[in-house]
Amino acid sequence: MSFPWAKQYTPANGLTKFLDEKLPLPRLVYNAVGAGYPVPRNLSYFWNFGVLAGFFLVLQIVTGVILAMHYAANAQVAFATTEHIMRDVNWGWMMRYAHANGASFFFIVVYIHIFRGLFYSSYKAPREMIWLLGVVIFLLMMATAFMGYVLPWGQMSFWGAKVITGLFGAIPLVGEPIQIWLLGGFAPDNAALNRFFSLHFLLPFVIAGVVILHIWALHIPGSSNPTGVEVKSESDTLPFHPYYTAKDGFGLGVALLFFFALVFFLPNALGHPDNYIQANPLSTPAHIVPEWYFWPFYAILRAFTMDFILPAKLWGVLGMFSAILCWFFLPWLDKSPVRSGHYRPLFRKFFWFGLIPTMAVLFWCGGAPAEEPYVMLSQIATAYYFLHFLVILPIVSQIEKPEPLPYSITEAVLGSDKKAVLGENTEPAV
Amino acid sequence: MADTAATANPDSVAENEDGYRRRDFINIAAVSAAGVGGAAVLLPLISQMAPSKDVLAESTTEVDVSAIEPGQAIKAVFRKQPLFVRRLTPQEIAAADAVDPSSLRDPQTLEERTKEGHTDMLVTMGVCTHLGCVPLGAAEGEVRGEFGGYFCPCHGSHYDTAARIRKGPAPSNLLVPEYEFTSDTTILVG
Amino acid sequence: MIRLISILIGLGFALVAVVSFGVGAYTWATEESEGHLPYEHPRDIAYSFDGPIGTWDYAQLQRGYKVYKEVCSACHSLKFVALRNLSELGYSEAQVKAEAATWQVPGIDPNTGEANMRPGEPTDYFPSPYPNAVAAAAANNNAIPPDLSLITKARHDGTNYVASLLTGYQEPSAELLAEHPEAAPGPGLHHNPYFPNLNLAMAPPLTSAGQVTFDDGTESTIPNMARDVAAFLTWTAEPTLVKRKQTGWAVLIFVLFATVLAYFSKQQIWAAAKPNRRKD
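So the protein lines, in turn, are chains A, B and C.
Position 275 (the first sequence) corresponds to 275 in the working numbering; numbering is contiguous.
Quick note, the working numbering runs 1000 ahead of the 1-based positions in the second sequence.
Quick note, the working numbering runs 2000 ahead of the 1-based positions in the third sequence.
I should point out that these hints are in silico values taken from the structure, not numbers from a laboratory.
Treat each hint with caution, since some may be false.
Unchecked claim - Label-pair restraints from in silico Cβ distances:
#	chain 1	residue 1	chain 2	residue 2	range
1	C	Pro-2196	B	Thr-1060	43 to 53 Å
2	B	Leu-1131	A	His-219	51 to 61 Å
3	A	Ala-191	B	Ser-1032	46 to 56 Å
4	B	Lys-1080	A	Ala-360	48 to 58 Å
Just so you know, even glycine gets a beta-carbon here, dropped at the ideal spot from N, CA and C.
I would like the entire structure built from these sequences, with the hints used as guidance.
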C-alpha cells in the first residue's frame, strides 16, 4: 500500500513476532483488511457489496462441498440423490436451499457491485486491472452457475444443458462437433453430467483465486469513492478496521436477513417448478428459461431473429457474448477525466434513463416466453444496450462538460458548512 | 483510547468511564453475537455427516432363525455389517461352559452372551474386535480356529464356541448386539 | 482508434437488432398470431400450512393419504417417499408397520431368487403401480401418469393446482369451442380448464361423494377429498416444510438481533469520524 500514513503492523507478542518473521500472515491480513489499509472516509453503502460478494462465494463453497458429500453425479440417480438430500440427510434441505438461493444472492450482490462500478466509473485508470479481473470473475460465475443448475438433473437442468451447449452449434463449420465434444455425446447424459459436476466443483476455487488477484489489484491504488476524487491526504481516509469492518458487519447482517427470509420462507420462489420433474430427454418443457440471473443475456440471445449476412442464431450467440465481452474495453472507451456519475450530467442521464430501464426490460423479457411483445421489446433494449456501451459512452465522454469537483474527499465530507471540522481523534474508542 | 480520552477531561472521569464501558459493551456484544451465530452454523455443518434418516431406518434387522440346524451358522446383515447367528451343539455349549471365565482376556460366560432359554442361539457381530475383518467359521467348511468357534485370518485371532477371544491380538470377544426374540423363531436385532 | 472500432461494432449490433425489431413488428402487425388456449389459474384454498407460521393438519394429511392409497395409487407412483415416512403423519410405530404391510412391494423369493411380491416394510418406498415406463404408457393410452412425490412443487401454485384440477372436470363451454375449435377434447381426453392445454388423458378420478370413507368422520365430498389429497401431496413434496419455517423464525430473530447490535456498534465506532461543528 502506497499511502505513507498507513499504519504499520507491529507484532504484539512472541507468537506474532515469530509468525511475522516466518510467515507474515497476520501482517498480510492487517494490511489487506485491517487497520493498515487506509480507505476513503466517504464510501456509501454501495461499497459494501464487494465484501458481501466474498461472503456469498465462501457460503457457496461451504454448502457446495457439503452437498457434494451426498450427491452422486450419475444420470440414473442424480435426481434421486438430490431428493435424498432434501428428505433424509440431516439439515440437507437447508444446505440445498441455501446453496440454490445463495447462487441467486451471489449474483444479486455482484450485479449491484457491477452497477456501482459502472456509475462511479470504477473501471478507469488506475483501476483498469481490478475491473478486468472483475469481468473474468463474472464470466467464471456464469459458467459455474450454469453447470451447477444442471446437476439436480431436472427438466430445466437437462434442457438448459442442451440449449446452452447448442449455442456453440452456431459456430460455423465446427459448431456441431464442438457441441458433441462438450457434451461427450449427442444429448446431455452421464458424460456431460459428470464433467459438469467436476468443473462445477473446480471453478469456485478458480473464482476464489481470481478474487484474490482482484483484491490485490485493488490494494495497489486503493478503493475508489463516490466523488471519484483521488485520496490526497490522511484526513481523506480512515483505517479499514474498525470503520469498514463495522460497516460491513452491519451490511452483512441486513443482507442475511433478506437471504434467510428467502431460504426459509420462499425457497423455490427464484427457481422453476419444472426442475422438480426428473429429466426426460423425450419431452421439452413448454417454456424453457434459464435462472433469473441469465435473463438479460438470454433476452439478447433471442433478440436477433433474422438472417442478416450471418445467420440469426450466430448473431444471437455473438450478441450475447459481446454484451459481456464489451465490458473488457470500458476503461478505454470512456475517456472522461471525471469518474463519478455525480459530476457527469450527460452520462448520468443516459445511465438512469437509458441503461437502467434497458436492463430492467432485458431482465423482464429474458424471463418471458419467446413471443410478442417481449421479443420486440428486447430487440429495442438490445439495440440500446450496445449503443450505450459502444457508442454513447465514448461520445459522451468526449463532449460532456463535467460539473465542478470538490477539491478533496475531506472537502466533500465537510460540505459547504465552513465551521465543520473533522474530529481531531480519528481513532475510535474500541 | 479510553485512557487518553479520560485523562483529557479529568473532571468527568467517572462519567466517561461509564460511557466507554457502555460503548465497549456494544462492540463486545456485536462481536459475541457474530461468534454465537458462527458457532450455531457449525451444528448443521457437523450433523449433516451423521447417518441420514434412510440409514437410521435400516438400523434394525429381523432374522428368521428357524432353519438353522445345531452346529450351523448363518450370516445376516445388520447395519451394513455381517451378523453371525449360530445354533450351538450340546458339545459346543459344554466346551464353552468348561472354561473358567476368569482365565479369559474378556471374562464372560456363555449365559451372559445369550438370551435366557436360548443358550444355544449365539448371536454376534461378524466383525473381529481387532481391526474389523470378518472372521471365518460361520459358513460351511470354513476354518473355525483352534477353539472351534471363529478364526480371523487377518491377524490370527481365535474365538471359542461362545465367540470369546482366546488367542491372538483381538482385545475383546465378538460383540453381541442388542437383540430380542420376537418369537421362538425370529430375532429382532438393533 | 479503439473507440472508432467500438462505435462501428456498437452501431452494427444495434442495426441488426433494430432491423430484427422492424421485421418482427411488421409480422406481428400484419399476421394473425395464434393465441394461447385460455386455461385458468388454480383457485385459492386455505390450508393449515399456509403462511409463515402454518403447520400441518395431521388429520387432513391422514385423510389425504387414504385418498392417495385408495384412488391415486392405482396409476400414480410416489417413489421418493418411504413407507417409514408415514410416521411423520402422526401414526405410531406399530401403525406404520401395519400400514406398510398393506402395500405389496417387489421382492425376491429368498429360496428361489425369483422376483415376487411381498408385504411392504417401513424401510420400503411406495411401490409403483407399473413395473416400468413402457407398461405405464401402454396401460394409459401413451400418457404416462406422472410420479406424485414432487407434484405440488413441480407445478405453479402446486397445492391449489392439484385441488383445482381434481374438481375442475367439466364440459367445454360453447364460447370456448366457438373461439378455439381445437380445444374440443379428442378421443380418450377430458376437458379441464386448469390443465394448460385444457385436455388431459386422466379421467376424473374423484367421481362421487363417499368414494373414500374418512375414518375421522369428515364428510368425503369431492372437494374435501381433492383438498385433503392436495395437502397430502404437499407433504410428500416437502416433508420438511414446517420445520423449515420454524427454523427460519429462529434464524431470522437471531440475525435481526445481531444486526441491530452491529448497527449500534457501527454507529459508535463511526462517531469518532463524523464531522463536528466548531463552536466559534
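#### Entry: C-beta pair Lys-1080(B), Ala-360(A): status relative to the range 48 to 58 Å that was hinted
Holds - the Cβ-Cβ distance for Lys-1080(B) and Ala-360(A), about 55 Å, lies within 48 to 58 Å.
### Task
For Pro-2196(C) and Thr-1060(B), compare the CB-CB distance with the range 43 to 53 Å and indicate the outcome.
46 Å Cβ-Cβ, so the 43 to 53 Å window holds.
If you check the beta carbons of Leu-1131(B) and His-219(A), does the distance land in 51 to 61 Å? Roughly 53 Å apart at Cβ, these two residues keep to the hinted range, so it holds.
Subject >> Consistency of beta-carbon spacing, Ser-1032(B) to Ala-191(A), with hint 46 to 56 Å >> reply: Holds, at about 50 Å.
Comparing the model with each earlier hint shows no violations; every hint is respected.
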